[in-house]
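Quick mapping for you: the protein sequence lines, in order, are chains A and B.
Counting from 1, one number per residue, gives the positions in the first sequence under our numbering.
Counting from 1, one number per residue, gives the positions in the second sequence under our numbering.
Take the hints with a grain of salt, since some may be wrong.
As the list claims (entries may be wrong) - Using 27 Å as the maximum straight-line C-alpha spacing, the simulated DSS-like pairs for lysine-lysine come out as follows:
id, chain 1, residue 1, chain 2, residue 2
1, A, Lys58, B, Lys306
2, B, Lys169, A, Lys142
3, A, Lys58, B, Lys144
4, B, Lys167, A, Lys144
5, A, Lys304, A, Lys142
6, A, Lys325, A, Lys58
7, A, Lys325, A, Lys111
8, A, Lys142, B, Lys144
9, B, Lys169, B, Lys306
10, A, Lys142, B, Lys58
Unchecked claim - Residues on chain B that point at chain A, a partial pick, calculated with CB under 7 Å:
id, residue
11, Ala56
12, Ser59
13, Asp62
14, Pro63
15, Phe86
16, Val242
17, Leu245
18, Gln248
19, Leu254
20, Asn259
21, Pro262
22, Ala263
23, Val268
24, Leu269
25, Leu273
No wet-lab data here; the hints were simulated from the structure.
All residues carry an ideal CB built from backbone N, CA and C; glycine is no exception.
There are 2 protein chains.
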Amino acid sequence: MPHNRQVLLARRPNGAPVAEDFELAQTDLPEPASGEMLLRTVYLSLDPYMRGRMNAEKSYADPVPVGGVMEGGTVSVVEKSNGGKFAEGDIVVGRAGWQDYMVSDGVSLSKVDPAAAPISTALGVLGMPGMTAYSGLLRLGKPKEGETVVVAAASGAVGANVGQIAKIKGCRAVGVAGGPEKCAFVVDELGFDACIDHQADDFEAQLAAACPDGIDIYFENVAGRVLEAVIPLFNFWARMPVCGLIAQYNMQDLPQGTNMLPALMRAVLTYRLRIEGFIVRDFADMRGDFQRDMGQWVRDGRVKYKEHRVAGMENAPATLIGLLKGENFGKVIIEVSDDPTR
Amino acid sequence: MPHNRQVLLARRPNGAPVAEDFELAQTDLPEPASGEMLLRTVYLSLDPYMRGRMNAEKSYADPVPVGGVMEGGTVSVVEKSNGGKFAEGDIVVGRAGWQDYMVSDGVSLSKVDPAAAPISTALGVLGMPGMTAYSGLLRLGKPKEGETVVVAAASGAVGANVGQIAKIKGCRAVGVAGGPEKCAFVVDELGFDACIDHQADDFEAQLAAACPDGIDIYFENVAGRVLEAVIPLFNFWARMPVCGLIAQYNMQDLPQGTNMLPALMRAVLTYRLRIEGFIVRDFADMRGDFQRDMGQWVRDGRVKYKEHRVAGMENAPATLIGLLKGENFGKVIIEVSDDPTR
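When you get a sec, could you build the whole thing from the sequences and use the hints?
Here it is, written out as structure tokens:
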């Protein structure tokens with residue numbers, strides 16, 4: 001009889017997470033009550049926001065409690081339905097977290113159509129990261145034809161979609177990524193106009209050269225050195241949707257050195273820059289448009305995606321630790337159990 | 001026969017302006033051609049934005065050229081009309097700059113009604129600073145009843161109006177000003193709920209105590225220490241219209257020390273803070289509403305104003321130097337020549 005393996009938050013990280021911040025546990029298989037279903041996790045999504053949930057601080061979502069199951073988006077198969085909302089064998093996307101099984105009453109689950117696309121895309125290009133890129137770029141970035149859009153983490157789950165949607169909207173798309181391999185992929189496979197390696201010594205000069213008409217939209221996933229290089233390049237009326245800040249998630253104390261805040265504020269005032277933070281659920285009203293547009297673009301091959309797959313839930317902690325260092329290449333998916341559709 | 005005294009930009013300042021950056025010059029009285037008028041400057045407005053025009057850098061307006069007349073808003077009387085748009089004796093508001101006389105074809109001049117309010121208010125509460133406060137707070141701040149609005153430089157030309165309009169809109173208005181005298185005025189005369197002295201050692205703690213429900217709108221006139229104190233207090237969905245940055249206008253190099261940029265970015269992401277720079281002319285469509293509302297509020301005594309008057313155009317350089325150090329108390333007006341309405 002199978003058990004339910006879980007990854008728990010063992011303690012709050014001190015800066016960058018380490019293996020000891022996580023704990024692998026095992027419980028008995030939960031039993032669905034009437035109206036409930038037993039879900040078996042097939043794929044677990046790992047995403048940068050998870051680092052924030054490991055901290056105790058107030059944020060847009062409650063922290064994971066110490067000893068609690070790590071949160072995360074999942075694609076699952078309905079193993080058993082006790083009169084539940086979905087039938088046995090159905091594929092659903094939801095938030096089962098870092099565990100093999102979960103009992104659910106079906107609230108906040110959505111059915112996934114295996115005929116439309118590989119079911120793992122419900123965690124990537126057709127799921128939360130795709131919707132994040134689509135809604136943040138279109139609602140807050142408001143791209144106009146001919147404008148220049150810069151996006152950091154350009155080979156990542158969100159950034160890859162930001163640049164491809166920007167191209168579809170007639171913009172110049174300039175990516176920033178770590179290392180020549182990712183940069184080549186972003187240009188050659190994803191079709192960005194340029195991609196600059198933020199590890200290069202002359203990164204700032206390369207970025208400026210790749211944006212000869214300045215920057216109209218900077219889609220912020222990263223902060224740190226990339227943001228500092230972007231500040232001098234803003235055009236009048238530039239927009240900066242802020243989606244993530246991966247370069248500072250592990251920061252314990254504010255860094256010492258040059259205070260860049262006055263530089264950003266000067267750009268805000270001089271260029272009427274608009275900076276706006278968001279989370280994907282703020283734009284739930286765009287879900288229908290997203291599903292229609294992105295589904296079509298993926299089917300047409302206009303939007304491509306790359307998955308970084310790792311087998312085994314026991315490898316999720318090390319994979320998240322690596323993701324926060326930029327060691328992944330594409331959307332990170334943990335293969336938790338057999339995919340019944342493959 | 002009178003001459004035309006002018007204050008020229010003698011050279012670009014190196015940090016804080018000094019007297020030697022200005023030069024008093026004298027020219028012959030200009031003669032209006034057909035369709036033109038000779039204007040005599042009665043009042044000259046001094047405002048913080050003037051510091052930016054003294055620099056060579058690209059901004060939202062062209063710099064004053066070295067050797068050029070310093071720019072500025074003025075209330076003038078039409079001394080002579082050679083078939084011009086306004087009649088002799090009319091009072092007009094425009095941008096004659098730091099000089100006694102100007103010839104104008106009437107474009108970009110507006111007539112001022114001396115019966116409605118003292119004519120100097122066309123440079124203050126009923127002019128550019130009032131319109132800046134009104135449009136920035138209402139259009140970008142979007143105040144809702146019960147929200148907390150914080151404004152720095154709260155006894156100044158813009159800040160005083162921001163807080164008073166916030167009160168009219170049912171908000172809690174918290175000012176920040178330099179020194180106990182200004183703070184007392186802001187609370188006792190202008191009717192703010194609180195005003196904190198940014199020179200106090202425990203300024204940050206006092207500000208937090210004055211905002212028990214957090215900050216929904218921070219109207220930015222200042223930056224520097226005030227902005228840094230505001231960052232931890234933002235509520236979800238807070239707004240930050242950026243109107244001015246007086247604390248950093250004289251900055252030559254970015255300061256060394258703690259880099260506060262990651263702190264601001266974290267607030268942007270966590271609280272979905274929206275930061276937006278603006279200049280008053282962006283909201284020209286609100287002029288009619290402003291004139292109607294603000295005119296009414298001033299007549300009703302719901303909006304009060306305080307002028308800091310200095311006689312003599314020769315004192316304008318020293319007065320601007322002082323304004324940039326916060327030495328003024330109220331809207332700075334230079335009395336250039338006799339006010340024919342008094």
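Hints, one by one, checked against the model:
1. A:Lys58 / B:Lys306: violated (42 Å)
2. B:Lys169 / A:Lys142: violated (30 Å)
3. A:Lys58 / B:Lys144: holds (24 Å)
4. B:Lys167 / A:Lys144: violated (38 Å)
5. A:Lys304 / A:Lys142: holds (22 Å)
6. A:Lys325 / A:Lys58: Holds, because 24 Å separates the two Cα atoms, which is no more than 27 Å.
7. A:Lys325 / A:Lys111: Given that 27 Å is the threshold and the Cα spacing comes to 33 Å, the pair is violated.
8. A:Lys142 / B:Lys144: holds (26 Å)
9. B:Lys169 / B:Lys306: holds (21 Å)
10. A:Lys142 / B:Lys58: Roughly 25 Å between the alpha carbons, so the hint for Lys142 of chain A and Lys58 of chain B holds.
11. Ala56: Violated: closest Cβ of chain A sits about 13 Å from Ala56 of chain B, beyond 7 Å.
12. Ser59: holds (5 Å)
13. Asp62: Since chain A brings no Cβ nearer than about 13 Å to Asp62 of chain B, farther than 7 Å, the hint is violated.
14. Pro63: Violated, about 12 Å.
15. Phe86: violated (33 Å)
16. Val242: This hint holds: Val242 of chain B lies near chain A, its Cβ roughly 5 Å from the closest one there, short of 7 Å.
17. Leu245: Leu245 of chain B check passes; min Cβ-Cβ to chain A is 5 Å, inside 7 Å.
18. Gln248: Holds: closest Cβ of chain A sits about 5 Å from Gln248 of chain B, inside 7 Å.
19. Leu254: holds (5 Å)
20. Asn259: Holds - the Cβ of Asn259 of chain B comes within 7 Å of chain A, reaching about 5 Å at its closest.
21. Pro262: holds (5 Å)
22. Ala263: holds (6 Å)
23. Val268: Interface hint status for Val268 of chain B: holds (4 Å vs cutoff 7 Å).
24. Leu269: Interface hint status for Leu269 of chain B: holds (4 Å vs cutoff 7 Å).
25. Leu273: Leu273 of chain B check passes; min Cβ-Cβ to chain A is 6 Å, inside 7 Å.
Checked against the numbered hints given earlier, the structure breaks hints 1, 2, 4, 7, 11, 13, 14, 15 and satisfies all the rest.
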